[in-house]
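Counting in the numbering used here, the sequence shown runs from -13 upward without gaps.
In short, the hints are calculated from the structure, not lab data.
Zero decoy hints are in this set.
Here are the computed distance ranges between Cβ atoms for each label pair: (1) E76 x G180: 18 to 28 angstroms; (2) L156 x T95: 28 to 38 angstroms; (3) G180 x T95: 35 to 45 angstroms; (4) R77 x P136: 34 to 44 angstroms; (5) G107 x P136: 35 to 45 angstroms.
The structure displayed is predicted, hence computed values, not measured ones.
Cβ atoms here follow ideal geometry from the backbone N, Cα and C, with glycine treated the same way.
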Amino acid sequence: MNRRTFLAAGAVSAIGCAALRGGPGARQAVERRSRLPNVPLQTHEGKTVRFYDDLVRGRIVTVNFMYARCQNICPGMTSNLAMVQRALGERVGRDIFMYSITLKPEEDTPAVLRSYAAAYGVKPGWLFLTGQPDDVETLRRRLGFVDPDPALDADTSQHIGVVLYGNDALERWAACPALTDPEEMAKYIRWMEGRKRPA
-13 MNRRTFLAAG
-3 AVSAIGCAAL
7 RGGPGARQAV
17 ERRSRLPNVP
27 LQTHEGKTVR
37 FYDDLVRGRI
47 VTVNFMYARC
57 QNICPGMTSN
67 LAMVQRALGE
77 RVGRDIFMYS
87 ITLKPEEDTP
97 AVLRSYAAAY
107 GVKPGWLFLT
117 GQPDDVETLR
127 RRLGFVDPDP
137 ALDADTSQHI
147 GVVLYGNDAL
157 ERWAACPALT
167 DPEEMAKYIR
177 WMEGRKRPA
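Please take these sequences and the hints and turn them into a complete structure.
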């Protein structure tokens, strides 16, 4: 797995896939929004949205980075996430939402991402997102898809291959490799609900 540091909502381990809780007490949404960028993005369906207000606030979500012309890990990663979507069933789009954000917004227009999503049989509840390069870069950094080595950080491939997932309402966030077994990843995502974990 590529080297990267995850800083979202505190320290998050990309190795153990262990869920992390926020501090005691609920924080105000405005405080979370100040930490999670509220940049404008465009969906593969052609709709303009705000990252925090429209996509994350109060939801259980998954977030990963990709780009349509990526030929190394991206095809396997997207195929694996499609299996995660199937494992989660009708909950995706109802109370769990999946987001894949392009690292190459100059190339990946909504139309390009729409074709990409169709090629993988993506169903409702999973959005592919693009936007202005500066906004995407802000999002990447604030979500913690960053390597402390500037040379490695400049390599786009260093920021794919990991899925960040969390529950904004509980301020609970974690991460795991994007090629984690789909049933296992689906289980980790369900754990974000805050109820007792299944055996």
